[in-house]
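**Q** Below are the chains, spelled out letter by letter.
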Amino acid sequence: MTDTGSLAKPRFTLPGPAIAALVVVVLIGIAIAIGGQVIARQVVSGLMLGAIYMTVAVAFTLTIGVLNFLNFTIPTLFMLTGMVAWGVLSQGYLSFAGNAAWLLALFIGVAVAVVASLIVERFTFRYLKMKHGDSTEHAIPLVSSLGFLLIFENLVLIAFGSDSQRFKVPFNADLRIGNIVLGVPQIASCIVAVAAVAALTYILKRTKIGRALRTIAENPDTALLLGVDVSRVVPVVFILTGVLAGVAGALFTVNYGDVSAFMGDNVGTKAIAAMVLGGIGSIWGAIAGGIVVGVAETLSIQYFGGNSVQMTVWGLVLVIIILRPKGLFGGSAVGKGKM
Amino acid sequence: MSGYLAGTLAILCINLIFAYGIFVSAAAGQINLGGAGFQAIGAYATGFIAGTLGLPVWFSIPAAATISAFIGFLIAFPVLRTRGVYLVLATFAFGEVVSGFLLHTDTFGGAMGMVVPVHIELWVLMLCAIVVTLLTFYLMATRLGLAMRSINDDEEATVVIGVNVRAVQVAAFTIGGAFTGLSGALYAHNYGFVEAQYFNALLSIYVLLFVLIGGAQTAWGPLAGSLFFTVLPELFRVGGAWRYVIFGVLIVLMMVIRPEGMVTRDLVRKLSPRQWWARRAAVGS
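Going down the list, the sequences are from chains A and B. The numbering of the first sequence is our numbering, which starts it at 134 and goes up by one. The numbering of the second sequence is our numbering, which starts it at 2 and goes up by one.
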């Protein structure tokens with residue numbers, strides 16, 4: 134709104150892929166340069182973790198970029214996927230599917246996350262928008278999403294208890310590249326995470342609905358004037374959010390094999406940190422940020438102990454918000470100039 | 002008084018002061034999602050002063066509030082440059098940094114937590130809660146309070162009128178820091194033990210909900226919010242998780258029905274005795 138330059142260049146087509154790839158290459162390069170398998174192994178496992186953070190961070194950045202709404206239900210959508218998948222599997226509802234039951238369970242989990250996300254849309258955004266005009270001016274959607282966070286998390290606690298549960302995946306083949314051992318689920322999840330984000334960028338860039346979303350991000354009122362049916366396009370954001378959070382939850386479940394009602398909390402906050410690091414509203418920034426946070430976390434645990442992660446990551450976030458609100462990699466202004 | 006009732010009252014007092022701390026900046030249009038961080042500062046400050054340094058409690062509690070206010074004052078300058086989602090995230094990050102720092106610092110017990118000596122009596126808590134409540138009501142009636150309300154309603158118009166918006170916001174944030182720190186100090190002396198894990202993101206979220214559900218327009222809001230959130234669960238007494246589900250539903254419904262919170266400016270105006278007499282007189286004449 135303030136600088137006309139941001140109108141000229143589309144927001145989601147920044148230097149993007151190049152930067153994300155560069156970050157990965159540089160990180161691996163540093164690791165190898167310093168040498169030592171230990172570091173290389175930490176970097177690799179950090180990248181795996183980063184792939185999950187990245188997917189969740191993209192979900193956050195999408196809702197903020199398009200709707201100017203910090204959606205606190207995303208961590209619970211992430212958790213819902215894992216817990217529902219475990220729930221249907223352990224209850225034996227899927228025994229007919231044989232060996233593919235775990236996969237089917239994860240699909241059901243993602244579907245539940247999408248449905249939950251649409252419920253959230255119904256009560257945080259659509260209704261309020263109708264009744265109070267531009268609801269983003271107030272803290273209303275934020276507070277409602279906090280309410281949903283309580284609802285979903287505690288419903289899961291009631292249904293499945295607070296214990297951490299084991300989600301069994303019937304394969305654990307390992308690949309060896311040099312001296313680094315890679316789990317097949319880890320590689321698969323990296324590929325799925327990248328594919329999910331690539332699909333999202335394709336949708337945003339090339340499809341009609343994507344163009345509508347970008348118009349809303351630029352200016353909702355203008356979008357309405359130009360004939361974008363805002364009330365029908367907004368749910369798409371929530372569907373995409375649900376899919377991304379759900380896929381991330383499924384990948385986490387497969388990778389680490391543990392699900393609990395609290396699995397989303399840590400990942401969710403880390404993903405927020407990743408989003409801020411990369412630049413709020415920028416998808417490629419979220420990707421780069423996710424990778425950086427993932428690698429920083431594993432390295433930080435390796436060298437300074439587990440308690441140091443929170444302080445370093447959030448200290449960095451605080452500094453970046455204050456000094457460089459655009460984020461480390463984001464060159465774009467956040468949509469609408471509303472911030 | 003039974004121990005149970007006394008315990009609930011103590012929680013209510015602490016929550017009330019905490020909520021007023023967040024309210025003061027919310028009334029000036031600043032959402033602070035780092036409440037737990039300020040409360041942790043207050044709790045650990047009094048723990049350090051009264052425990053490690055061995056100074057008396059009548060000194061350590063005000064000192065803790067002052068330290069928290071000072072830190073609020075310091076971070077207000079950079080943090081309040083941001084707005085909207087960025088402000089929410091910046092304050093959230095501040096809270097995480099504080100609890101991360103405390104978790105990592107051995108002087109303050111690290112992950113083991115810290116034992117705080119000197120248990121304070123319930124009447125001290127109640128006195129503090131009453132004083133803070135009255136102070137906030139007074140504050141909202143002053144010119145500063147008026148400026149805060151004005152910023153909340155329309156920041157640009159406030160600038161045009163000639164109010165130094167930045168100064169008012171920093172003042173609000175500092176006062177909020179003092180109240181929040183005080184609530185932390187009282188918490189520490191009431192329970193005799195603090196640990197960094199308690200001051201987590203969820204606590205910040207809860208206290209923000211106290212204020213926003215209660216209503217951030219008038220000083221009645223946090224009072225209503227804290228009463229609602231502290232007393233209602235005790236009345237419900239249904240199993241732990243269901244209670245929070247009901248909470249969540251109430252929060253979502255609240256935002257649909259009364260997005261400005263339970264107690265709004267209109268409601269206060271309607272209920273105020275002066276208005277009531279004025280209306281009566283108007284009808285009578």
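Hints are supplied without guarantee of correctness; some may be wrong.
[What the hints assert, rightly or not] Among chain A residues calculated to face chain B with C-beta under 10 Å, some are: (1) N201; (2) G280; (3) E351; (4) I454.
Hint data in this document are derived by calculation from the structure and do not stem from the laboratory. The beta-carbon is built from N, C-alpha and C at its ideal position, and this holds for glycine as well.
**Q** For every hint, state whether the structure bears it out.
**A** The hints, checked one at a time:
Given hint, N201(A) at the interface with chain B, holds; its Cβ is 7 Å from that chain's nearest Cβ, closer than 10 Å. Of the supplied interface hints, the one on G280(A) holds, with its beta-carbon coming within about 3 Å of a beta-carbon of chain B, less than 10 Å. The interface hint given for E351(A) is broken, as the beta carbon of that residue sits about 17 Å from the closest beta carbon of chain B, more than 10 Å. The criterion of a C-beta within 10 Å of any C-beta in chain B is met by I454(A), whose closest approach is roughly 4 Å, and the hint holds.
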